[in-house]
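Number of protein chains: 2
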Amino acid sequence: MSALTFQAWSGAHQNRFEDVLRNVLPSADVAPERLHAAMRYSVLDGGKRVRPLLAFAAGELAGADVSRVNFAAAAVELIHAYSLVHDDMPCMDDDVLRRGKPTCHVQFDEATALLVGDALQSLAFQLLAEHSLTDDPARQLQMLKLLAAASGSRGMAGGQAIDLESVGKQLTLPELEFMHIHKTGALIRAAVLLGAYCSAALDDVKLNRLNRFSKCVGLAFQVVDDVLDSEADTATLGKTAGKDADNDKPTYVTLLGVQAAKKMAAELHVEALDALAGFGEEARRLRELANFIVLRKY
Amino acid sequence: MSALTFQAWSGAHQNRFEDVLRNVLPSADVAPERLHAAMRYSVLDGGKRVRPLLAFAAGELAGADVSRVNFAAAAVELIHAYSLVHDDMPCMDDDVLRRGKPTCHVQFDEATALLVGDALQSLAFQLLAEHSLTDDPARQLQMLKLLAAASGSRGMAGGQAIDLESVGKQLTLPELEFMHIHKTGALIRAAVLLGAYCSAALDDVKLNRLNRFSKCVGLAFQVVDDVLDSEADTATLGKTAGKDADNDKPTYVTLLGVQAAKKMAAELHVEALDALAGFGEEARRLRELANFIVLRKY
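Chains as they are written, first to last, in the working numbering: chain A, 893 to 1190; chain B, 893 to 1190.
Chain A on its own, in the form it takes in the complex:
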């Protein structure tokens, strides 16, 4: 698909990936029907699918079979979706709108939202365990470990915990970075690396470049999110705007100001592209995704 524009490439993957998600999620006809309907509601028809696109782009760079990357991308997206469902609950961010729709606990109920998140997490690991993602099962176990570590208390869930503790506090820039490297960065890194690991073609030097790229992109993603949250309106974002400042949560904008936050995003953008300098045309989609993540308006 190298002749396609980025828009055509990402649109094609997004459409195709929606079918992948439809197929891996249990049918709403299967008991427990309401739980399965709520799982599908929370995952399908929403989001930019940035993490799956990163997995597909890294998979293309590595020459991985897209039918394998599908499951890696789906696993990462299910973890992301579960975290949004739990994060929106009243005991966390108490949000009523997500991706332009009522959040899961509003559309269903809190107990169902709790179980939706729990079951989506299980399903993510089930996908990585039951499908052949590489020719080497030992390598596949490493992929499972990577996703579990990225999701857990020293990854995404840990970042959420630090986020909770930070409400009303003045964080330093390193503390804010530490929080976001866990909360957002860990899963974005996992998306890139899991896509690449579906092929055995990359040596450690190349994987290290991808690792560096993914860290810069993960942090840039959050800085841009903070800028957009401070500037955009709710209709454009598809979620409640200005919430972080309202909730007295530290952000790159509250800490640095909007101009310095934009400058930081631009520097991370340069560093992400620099990490890919040793690659040629095969890294095109990753470069385009870095551009998209930093330059997006929603």
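There's no promise every hint is true.
Because identical chains share one entry, a pair is satisfied inside a single copy or across any pair of copies.
With a Cα cut of at most 25 Å, we get these calculated SDA-like pairs of lysine to any residue [what the hints assert, rightly or not]: (1) LYS1061 to GLU1002; (2) LYS940 to ASP1117; (3) LYS1037 to HIS1023; (4) LYS1037 to SER1091; (5) LYS1155 to VAL1119; (6) LYS940 to ILE1073.
Everything labelled a hint here was simulated from the structure, so no lab data went into it.
Dock chain B against chain A, hints included.
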């Protein structure tokens, strides 16, 4: 340890296993400290460790290395512990007492309890992925798939969802069984099979016997739980007694009456032992666990 009484055998494993759990849980000195403290609070120093004991007993039957079974048992117990933390939350059972201590959301807060459950689930899969549980990584992937399926929407989380929907309803006996086969049975079955899978010694005939045993024990466990809940007091149970009936939840006792429920437990006990009839002394601990599960008073 075949010369030990059951009490001595189980006590030795319980003590030893507590150290296993202490070691696999992140230290409360590591950031995010409060989350890690809450994870340790929710898992350590509590419970009869029935699922780990089943894994150890099945591992002994199969001749598995106990250092491998440790991680399988810990993974199952972490899934169980996460389900209790989430189940106790206000949007689910809203319980304040568990294992004689304040529940996680009471001792810490609701948001932390939510993240504790999420992070414990990730950690369970991380353990199964990062430690060598068998000589065959492909077999280990099967073990991960088994635990993920037992935990998810067609396993434990699905059973919880059916449980939620059943409040105030008159279920039939098959419906009640369907609920408990998912809610309690799936994880008990996983404990037995994962313990056995740590060795490659058992053929399909023997594994099928264990499968049948685990299903009977899983259901018996729940029937006995319902009987105890209807008869015991809160101090003996270490959790709020009489809750299910108070919450208008169908149980084996409300459906069958206490005498018929006891008869059902006794029949499942006989069937569980019958499933082990083809084994000799090597199944001793599994037989003793079946006896313990059915005859326990708390």
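Now the hints, each set against the structure:
1. For the identical chains of this complex, LYS1061 and GLU1002 are inter-copy neighbours only, at 20 Å across copies versus 28 Å inside a copy, given an alpha-carbon limit of 25 Å.
2. Taking the closest pair of Cα atoms, LYS940 and ASP1117 come within 25 Å of each other only inside a single copy of the chain (13 Å); across copies the shortest separation is 46 Å, beyond that limit.
3. In this assembly of identical chains, the alpha carbons of LYS1037 and HIS1023 lie at most 25 Å apart whether taken from the same copy (15 Å) or from different copies (10 Å).
4. In the homo-oligomer, the alpha carbons of LYS1037 and SER1091 lie at most 25 Å apart both inside one protomer (17 Å) and across protomers (22 Å), since each shortest distance falls under that limit.
5. Taking the shortest alpha-carbon separations for LYS1155 and VAL1119, only the intra-copy value of 11 Å comes in at or below 25 Å, while the best inter-copy value is 65 Å.
6. In this homomeric assembly, LYS940 and ILE1073 come within 25 Å of each other (Cα to Cα) only inside a single copy, at 20 Å, whereas the closest approach across copies is 38 Å.
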